[in-house]
Amino acid sequence: MGNVVQRRTRGALRRCPFEVCGNMAGLELLSDQGYRLDGRKATELRKVQARMGVFAQADGSAYLEQGNTKALAVVYGPHEMRGSRSRTRHDQAVINCQYSMATFSTAERKRRPHGDRKSTEMSLHLKQTFEAAVMTQLYPRSQIDIYVKILQSDGGNYSVCVNAATLAVIDAGIPMRDYVCACTVGFVDETPLADLCYAEESGGVSSLALALLPRGGQIALLQMDARLHQDHLEALIEAAMTACKGVSKVLDEVVRQHLQEVSVLTGE
Amino acid sequence: MKITFGTDYGCCFVELGKTRVMAQVSCELVAPKESRPNEGIMFFNIELSPMASPTFEQGRQSELSVKLNRQLERCLRNSKCIDTESLCVVSGEKVWQIRVDVHMLNHDGNLMDAASIAAITALCHFRRPDVGIQGDEVTVYSPEERDPIPLSIYHMPISVSFSFFQQGTYLLVDPCEREERVMDGLLMIAMNKHREICSIQSSGGIMLLKEQVMRCSKIASVKVSEITELISKALENDKKARKAGGRCGFAESMPQERITALKMDETPVEMTEVTDRANDIVQKAEAPSQTVPSPVVPVPGVGQVGQGLQNTWGLEEEDEEEENDNSGEDEEVKETKMEVEQHDKEGSKQEDVVEISDSEEEEVVILHPETPDKAPKHTGPSFHQKGAAASKKKQKK
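Residue numbers (this note's numbering), protein chains in the order written: chain A, 17 to 284; chain B, 1403 to 1799.
Distance condition first, Cα-Cα at most 25 angstroms in a straight line; then the derived BS3-like pairs of lysine-lysine:
#1 B:K1635 x B:K1645
#2 B:K1435 x A:K134
#3 A:K265 x B:K1612
#4 A:K261 x B:K1612
#5 A:K143 x B:K1612
#6 B:K1482 x A:K134
#7 B:K1435 x A:K126
#8 B:K1595 x B:K1641
#9 B:K1595 x B:K1482
Treat the hints as calculated values from the structure; they're not laboratory data.
Using the sequences and the accompanying hints, generate a full structural model.
Here it is as structure tokens:
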């Protein structure tokens, strides 16, 4: 399958030349032969490696690597409302998300991992995404906590978080309508690039982050920065949807494999 | 939608329906960021004060405030609408920091659109002080010495919001506050007039389909071109007004309001079927019996106040009930200023004085010369409940 990349990327090293250069002209995001900085083709995703059930204490947990971006997701719930009882909803569960980055995750040490505007915004987006996907009607008056931490950030933070959180929610046994798969795509030289890495993201490329429920083709979250002409929008969304479907296949495999392992261990 | 400017450069008010927003741009010289030594700094801040809506609290950083701030930052900063390199004075040491403060004055929905329009208009309107460099010396000229220069703006990103209802079956552009409260989700698209999309953000727990997004982007492009025209016109007018030396500013742009003016909203009155309903009522109602304009003297010695027409003030049921004879006592004869008593001219001995409607006088009697024994007093007016008086009458029947 051409979609899933099997090559190891050299993404970590790729960041340094860009920062030393300081300008975009010196770096070709898409070469003439159609290869990107790390040698991928335009529609190739980075290598995805995932583990579920990483922690015993949490109800569900997962660790996911997409290229060099590594994220850890932990799910607690559904449990009784803690904190503000007034936010209890009588017909649904409340989903509470927190996104944070480890201080060592970026090239420069992050001084404020929680509570700054970007993290709060990401948490809101994650919450919105999972509220759409998780069947909250089955757990009224309860709360589901999702905590995601980025251990290494190399582009596509939001997407990796969403994928990791999906696996964690499945590990916790909370029913969802479908896998939630996310991917960040960018647009360079009239070509959509799937699964951006950090160098591509900061190169002023218009990037679109899309969270998709693959079976119905429904978009749970759509977020785009930087300028893009309206006519290219459709092509970009299409590319994002294809990439998300690719990710969903990988996640599906991971889940089935994990299930096999677990069921073997318990002797069924 | 209305755009007005304040007296200073860089102050702008936007009224989007009833949502009112104010943006102010200011600048100062600071040291640049280490990673970007030759670019200026842009800082955006949206203030949601309790003045705008009772749901806003004094403490900052509510979810809505974070969301709006981030959206505005992404819309204006990432799209690179301002040339930040032109803000550099001395590379690595001094650059201009442009600060845009947006204040919500009245929240009637769609704060994001109003804020983006206000911010970009204020940036277009703003003039920064001129700077002169001679060798190593940097002089900042005050506005009196040299005319301030405008910022160099590449394009004007404007955001348009769409709200979805009932799982995407209904779509509304520019939701007002009530619609926002019940909506399922919101889609914000920021575009400029060159049909470039600067930012898309979907929020709320809705599922979108690709076709919906494409449709919204088409609608947004139309709206954005209209709004951009309006902004340029407003900027033009303001420039002319300033050149002509006319007074400009917020105080001038407020309409003259007299103290006696009524500030309440107009109440919508259902006017669609007025003529039909009026015709129905006229046909169904009884023809007024007495249309004789001349005053009729019911009983000698009794004057009549009024025009002799049928009284139309009372309730119609009460009228019909009271058309029956008031047998027996007639102490309570109600007489209002504009009331006429209907008589039964069959010649019953007592006067059939019918109280037709409410009177605020407790015991109102008519002096009848032929029945001196019943010489009730005409009591002074006293305030009486209409219902109680009416029930008193009815009890007598």
